[in-house]
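Trainee: Take these sequences, add in the hints, and give me the full structure.
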Amino acid sequence: MADITFWFISALTIISAFFVVSSKSLLYSAYSLLVTFLGITALYVFLWADFLAVVQVVVYVGGILVLIIFGIMLTNKISSVNISHTSVQKGVGAVVVLGFLGALGYVMISTPWIQLPNSEPLETTRSIGRLLMIDYLLPFEAASFLLLGALIGATTLSRKDD
Amino acid sequence: MENLSNYLVISSILFSLGLFGVVTRRNGVAVLMGVELILNAANLNFLAFARFGGMNMSGHVYALFVIVLAAAEAAVALAIIINIFNNFNTINIDDVSEMKQ
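Those protein sequences? They're chains A and B, same order as listed.
1 is the number of the first residue of the first sequence in the numbering used here; add one for each residue after it.
1 is the number of the first residue of the second sequence in the numbering used here; add one for each residue after it.
Among these hints, one or two may not hold up.
Selected chain B positions facing chain A (Cβ under 8 angstroms, derived; list incomplete) [claimed, not checked]:
{"id": "1", "residue": "L4"}
{"id": "2", "residue": "S12"}
{"id": "3", "residue": "S16"}
{"id": "4", "residue": "F20"}
{"id": "5", "residue": "G21"}
{"id": "6", "residue": "V31"}
{"id": "7", "residue": "V35"}
{"id": "8", "residue": "I38"}
{"id": "9", "residue": "A42"}
{"id": "10", "residue": "A48"}
{"id": "11", "residue": "F52"}
{"id": "12", "residue": "H60"}
{"id": "13", "residue": "A74"}
{"id": "14", "residue": "I93"}
{"id": "15", "residue": "V96"}
{"id": "16", "residue": "M99"}
Think of the hints as simulated: they come from the structure by calculation, not from any bench.
Predicted model only: the values in this text are computed from it and were never measured.
Built from N, CA and C at the ideal position, the CB exists for glycine as well.
Mentor: Here it is in structure tokens:
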């Protein structure tokens, strides 16, 4: 049962990701990106990453996707029906990317990865918090500075100068 | 689902689809969507290696940092795209080839 669910979710994720990069309508792309994000969230749950799954829903679905839809709405005239976009050089791009995927997949499958014996699922929040406050304190603070910089930078960039 | 390669193959496919979006799309927002797909594929890899490396929590922390970077990147990229739209009245990135108009 879990296997069937896993393959169903994987197929859903990949098909909707394909729709994101191939759809003619920009809004349909954004909505299938929603399905992709939710599918990836489910894969996180399969990987026992409960905290990261919640963060993924909150940040990606609740934040970034809304931001992207805002971007679409602000950069197209609301009255115009033509919120569409086209692709260039699909053929060449597909050939190059398929070759790349072949090489990548070959490496992924043929490499004898060392898998440690399965441990039990454990609560991840406590250990993530410990790591953030002890081992990764400097990157954590740097990330907060980065977010502050991005906040101020984005506001300054998008302000009308008068 | 109890196999590392499955997750690696799924994330490779997601990465390739994102790359395809980045190289073929002409709309700036659509290119941004491709970048988000690539970042998600990388995150999936981090978590898969964490899970099959004996629940190594450092992978989770790295994935958290990737999400933080993705949020900052999306905000700044959309600010830039809206600025481009205000200046050039288009977000077709092939048409935006001048530093100053």
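Trainee: Would you mind marking each hint as holding or not holding in the structure?
Mentor: Right, here's what the structure says about each hint:
1. For L4(B), the interface hint holds, the least distance from its beta-carbon to any beta-carbon of chain A being 5 angstroms, beneath 8 angstroms.
2. The interface hint given for S12(B) holds, since its Cβ lies 5 angstroms from the closest Cβ of chain A, which is under the 8 angstroms cut-off.
3. The interface hint given for S16(B) holds, since its Cβ lies 4 angstroms from the closest Cβ of chain A, which is under the 8 angstroms cut-off.
4. With a least beta-carbon distance of about 4 angstroms to chain A, the hint placing F20(B) at the interface is held under the 8 angstroms criterion.
5. A distance limit of 8 angstroms between C-beta atoms decides the matter here; for G21(B) the minimum to chain A is near 4 angstroms, and the interface restraint holds.
6. A hinted interface residue such as V31(B) counts as satisfied when its beta carbon comes closer than 8 angstroms to some beta carbon of chain A; here the least separation is about 10 angstroms, so the hint is violated.
7. A cut of 8 angstroms between beta carbons decides the hint on V35(B): the least distance to chain A is about 10 angstroms, and the hint is violated.
8. Against a cut-off of 8 angstroms between C-beta atoms, the interface hint on I38(B) is violated, since the closest Cβ of chain A lies about 11 angstroms away.
9. Using the Cβ-Cβ criterion of 8 angstroms, the hint placing A42(B) at the interface with chain A is not satisfied: the shortest such distance is roughly 11 angstroms.
10. For A48(B), the interface hint holds, since its Cβ comes within 8 angstroms of a Cβ in chain A; the closest pair sits about 6 angstroms apart.
11. Checking F52(B) against chain A: minimum C-beta separation of about 5 angstroms stays under 8 angstroms; hint holds.
12. Hint on H60(B) holds. Least Cβ distance to chain A is approximately 5 angstroms, under the 8 angstroms limit.
13. Because the closest C-beta pair between A74(B) and chain A is about 5 angstroms apart, less than 8 angstroms, the hint holds.
14. Against a cut-off of 8 angstroms between C-beta atoms, the interface hint on I93(B) is violated, since the closest Cβ of chain A lies about 10 angstroms away.
15. Checking V96(B) against chain A by beta carbon gives a least distance of about 12 angstroms; that is not within 8 angstroms, so the hint is violated.
16. With its C-beta approaching chain A no nearer than about 16 angstroms, M99(B) sits outside the 8 angstroms limit, and its interface hint is violated.
Violated hints for the displayed structure, listed by number in ascending order: 6, 7, 8, 9, 14, 15, 16.
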